[in-house]
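From first to last, the protein sequence lines are chains H and P. Mapping of the first sequence onto the numbering used here: residues 1 to 496, in sequence order. Mapping of the second sequence onto the numbering used here: residues 497 to 992, in sequence order.
Treat the hints as calculated values from the structure; they're not laboratory data. Note that the coordinates shown come from a computational prediction; the quantities given were computed from them, not determined experimentally. Any given hint could be a false lead.
Computed Cβ-Cβ distance ranges for the label pairs, DEER-style [said to hold, decoys possible]:
#1 H/Pro56 / P/Gln652: 36 to 44 Å
#2 P/Asp558 / H/Ala57: 17 to 25 Å
#3 H/Ala57 / P/Glu590: 40 to 48 Å
#4 H/Pro56 / P/Pro849: 49 to 57 Å
#5 H/Pro56 / P/Gly960: 16 to 24 Å
#6 H/Thr155 / P/Glu590: 37 to 45 Å
#7 P/Arg982 / H/Arg294: 55 to 63 Å
#8 H/Thr313 / P/Val600: 36 to 44 Å
Virtual Cβ for every residue (Gly too), placed ideally from N, Cα, C.
Protein chains: 2
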Amino acid sequence: MLKLRRVAIDARHENLAFLARDCRQYRPEEFEALEKIEISADNRRILAILNVVDDPAILKGDELGLGERAFRHFGMPEGALVEVAQASPPQSLEAIHRKLAGHVLVEREIDAVVRDIAANRYSKIEIAAFLVSSAGSMAVEEVLALTRAMAKVGTQLSWDGGRVVDKHCIGGVPGNRTSMIVVPIVAAYGLTIPKTSSRAITSPAGTADTMEVLARVDLSIEEMRSIVRRERGCLVWGGHVDLSPADDVLISVERPLSLDPREQMVASIISKKLAAGSTHLVVDIPVGPSAKVRDPEEAERLRKLFEYVGAATGLTLDVVLTDGTQPVGRGIGPVLEARDVMKVLRNEPEAPPDLRERSLFLAGRVLEFDPRLRAGEGRDHAEKLLASGDALAQMERMIAVQGPSRALYPLGQLTREVPSPARGRVKAIDCYRIARTARLAGAPTDKGAGVDLLKKVGEAVAEGEALYRIHACFPADFKFATEYARGASGYTVAPD
Amino acid sequence: MLKLRRVAIDARHENLAFLARDCRQYRPEEFEALEKIEISADNRRILAILNVVDDPAILKGDELGLGERAFRHFGMPEGALVEVAQASPPQSLEAIHRKLAGHVLVEREIDAVVRDIAANRYSKIEIAAFLVSSAGSMAVEEVLALTRAMAKVGTQLSWDGGRVVDKHCIGGVPGNRTSMIVVPIVAAYGLTIPKTSSRAITSPAGTADTMEVLARVDLSIEEMRSIVRRERGCLVWGGHVDLSPADDVLISVERPLSLDPREQMVASIISKKLAAGSTHLVVDIPVGPSAKVRDPEEAERLRKLFEYVGAATGLTLDVVLTDGTQPVGRGIGPVLEARDVMKVLRNEPEAPPDLRERSLFLAGRVLEFDPRLRAGEGRDHAEKLLASGDALAQMERMIAVQGPSRALYPLGQLTREVPSPARGRVKAIDCYRIARTARLAGAPTDKGAGVDLLKKVGEAVAEGEALYRIHACFPADFKFATEYARGASGYTVAPD
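So that you can see chain H by itself, here it is in the shape it has in the complex (with noise of 0.2 Å):
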C-alpha cells in the first residue's frame, strides 16, 4: 500500500496521478503501456492519468500522489492507505468499437457508453474515437438514445406540480444574455422558471459568469429549491449541481477539436433540462453567417431535430429562428453584459433595444406555454411586467433571496478605441472576432475585461470615429487583444 499525497498540480478535465520512479511497489513502467490507472482505498476508487516523477521533494518511492482535481473528487485525506492498479478497459468500449466499424448502436450500448463516460473510465482519445465515429453518422434513434441516458446518470430535479418552463439559446452570437431578462419576466407573470445556466466554454460570458457580477451562483440544489418555492425563478450555474457530468466530459473533447456536431448538441441541450425537470422549452436558434448555423435549411433541419428528440421525450418544445447577424446588445464580458441587462430592465432610454427586443419576444414565446394566453398575446405580457418594474423588482429580490454578490467587479481600466478606417456606414460585425477580443482582453476570467460596441450594424460613421472599445484588467491580455483587434477590426464599413 501506498500514501496518499496531495500533489498541488492540475490539468483542466483531466485526473492526474503520480509514481516516483524509484517506488519499489509498484513500478511505473508497468503502467506506461495503459492511459489510466486505478487508484482505490476503502471502498473509493479513481480513475487518473499517470505521471512519473524523479524528485523525492514532489513524491517519495512510499506515495502516490494525486492532482487537485483528483484529490478533491477522491475525497481521501493525506496519508491514507491506497492501492493501485492498472485500469482494467471500460466494458462499455466493445461498443465504441462497434460505432469504429460502422454500426448502429442500441439503446443498451449507448447507455453503457454514457455511464463509463460520466464516470471518467474513458481517456479523452477514446472519447475523440467515438465522437468522430459519431458525428454526422448518428441515426434519430441514436439520438434519442443518447439524449436519454445523458440525461439519467447526473443529478435528477423535481418540482412541485405544474408546468416548468425553461429557454435556452444553442449560442455563438456574443451578448445574447437574455435569460436574464427572459426569467425575471417569467417569474413575475408566475410561471415556475428554475433557470440553471452554463459558464462560457469558448465564448467572452457565459450567463453564469454575467449574473455572478450581480449575485452568487453556486447555489445548492436544496438553496436553489427554496429559493424556486418563493420568488418561482433562478438564475444559477448549471455546472454545481452537475445535471449532465457526461456532457461536460464530451465538451472537452469537442472544443478543441472545434467539433460541434448537431446530434451532440441536440442530446446535450434536452438532456440536460429532462435532469432539470423542465416540461416546456423555447429554444432560440440565432442564424447569421459568423453564427453557429449559418443558414436557414441548416437551422430547419437543426429544428426538426430537436422537435423529434424532445417529442419522444416528453419535452414540449417551441424551437425559433432569431437573427445571428450581429453581437447583440453592446456590451461583451460579464461586467459590460450586466450592464446591458440591467439598463433593460431598469427601462433606461440609453438600454440596447435589440437585447430589449429580443428579451420580449423569448419571454413572450415562454409565457405563451400558459394555456390562459393564446397564440401572440405572449410578447404584450412581457412587455407590461417589463414596463411596470415588476419584471426590475422580480430581478432583485432573486439577487437578494440568491445571495448579493460580495465582490465588485470593476470594468477593466486599460482601454483602447478601436477606429473606423473610412468614413460610412457599419454594414456587418463578426461574432467570431468579437467574441475571440473580447476572450484575449480577459473576459470571462477577467469580468471587467471585453469589448463595449460603440457603432452596431446601420450606424453611421465617421473616419477614425471609434467603432468599440477594449477592456482589460492585465497588460499582457490587453497586448494579445489590442493586436488581434489590429489585425482585423471585426467591422466592414462601407461608403453610403
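Model the placement of chain P on the given structure of chain H, informed by the hints.
Below, chain P alone, put in the same frame as chain H:
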C-alpha cells in the same frame, strides 16, 4: 519573460509544461481553452501540454517549468528566459477537418499532416480524430502518400551500392524472434542486412529488447554504418536512429485505442524500410485465430496492399504467410527468447524446432533476392550456413562489434508452474493470453521475466503436469501474472 525550470515529472509520449497559478505575467486561465502552449527562447521552440501548479516548492510565479522529456528536447539550461504563447493550430488542421468530413486527401495535404504530426504539433485527440476518420476509409493513393510522407520526415539512411535486404514480421505471435537468426545467416552468406528493430509496444519483447540481452543496441548512425561496412549485418534499435518520428506519434495513439488499421500498418512498415535504405524486403504475415491476422482472406488483402505500395515506392517485396496459431519457440520474454535463439544458432539438440524451421524458411526467402540463386534454393543455403556454425560465428562477431552487453540479466527467480487441468493433448495456445501473462510478469522491462512454454500444440500432457512456467523479478508483478494465469491458462487441453 519567465525563467526556465526543470520539473522532474514525465508522461509517456507527451511534453509537459508547468505554470504557477499565481504567475503574474501570463495567467494559466488564458491558455486553458487550448490543448498546447508554445514555449520559445532564442530560436528554439517547443509545444507542450499545460499543467497548473499551486505549490511554490515545485514552481514559482516567475518560472516556466518543463517536464523531463520536454526539457531534454528543448535543450536550454535552467534559468534561461523563455516566452509563452498560445500554440497556433497546425496549418494542416484543415486537411484533417476535410478527412473528418469524408474527403479523400491529396498528397500535398497528407505531406503537411505528417510533417505536423512529426513536429509534435498535434494533440493526441486530434491524432485520434485523424486515425478514426481514416481507418478503413483510406484510398490506396492515400496509403501511398502517407508512406512516402512518413519516410521523408525522419532520418534517411543510405548504403554503398547494391541491394540492401531486410525482413519484417507484422507481429502478434509471441516468441517469434526469427530476425536474430535470419540476420546472421544472411550476413554470413554475404548480403547487406542492416536490421533496425523496435522495442516491444504491446508485446512482451521486441527484437531490440531481446538482442539487448546479448549486446548494445542503441547505436548511433555512424557506429551502425561502420559495423555494416565490416560485418554486412547488425541488429540495432530503430528508435534510436529516428527513422519514422511520425509513426512513433501515431502508434502512441493507436495502441491505447487498440486500433491497428491495415493502411496504417503498411505505411508504417514500408516507410521505415525506405528510410532505412532497404531495397528488398521479405514481409512475414503470421495467420492464426489469436494472431493479428485471423484468416487467409484478410492476409491476402493485406498482402495486396503491401505489394501495391511496395511497387509504387520501388521496394521489392516478397510477402509470405506463415503459421500464427501458437507462440514460436519456448521462451516468451527477452532472456528466455535470447536463450532459444542461441540454442538454434549453436545447433543444440533441444533448440526449439519451430523457431529453427521458421528462421530457415525466412532466411531462404531473403537469400533468394540474390539473382544468382534460383527459387527454392535459399533454404538449403541457409541451412548449411546454420549447420556449419558460420551463422553463429557471424552473430558472435556482430555482438563483439556492437559491444557485448555489460549487464547480466538473470532469469526471474519468482517462478510458478501452471498445471494442466486434465490429461490429454494440447490442442491450442492463445497467443494473446500468453503474451499478456508474460507482460504482467514484467517483460520486457525486466528482461528476466516472462513465460517458458513446457508444452506446445500436439504434445501429450498428464493431469497436473506443468504447461508453462512464469518467471518474475518483483512480487507485485508475480502476483499480477499468476492471478491472470489462474483465471485462464490460455491452453486448450483435450483428450486424445
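Verification of the supplied hints:
1. H/Pro56 / P/Gln652: 36 to 44 Å: With a Cβ separation near 43 Å, proline 56 of chain H and glutamine 652 of chain P satisfy 36 to 44 Å, so the hint holds.
2. P/Asp558 / H/Ala57: 17 to 25 Å: holds (19 Å)
3. H/Ala57 / P/Glu590: 40 to 48 Å: holds (45 Å)
4. H/Pro56 / P/Pro849: 49 to 57 Å: Holds, since proline 56 of chain H and proline 849 of chain P (Cβ atoms, about 51 Å apart) stay within the stated range.
5. H/Pro56 / P/Gly960: 16 to 24 Å: violated (48 Å)
6. H/Thr155 / P/Glu590: 37 to 45 Å: holds (40 Å)
7. P/Arg982 / H/Arg294: 55 to 63 Å: Because 60 Å falls inside the window, the suggested range holds.
8. H/Thr313 / P/Val600: 36 to 44 Å: For valine 600 of chain P against threonine 313 of chain H, whose Cβ atoms are near 39 Å apart, the range 36 to 44 Å holds.
The structure fails to meet hint 5 from the earlier list, while all remaining hints are met.
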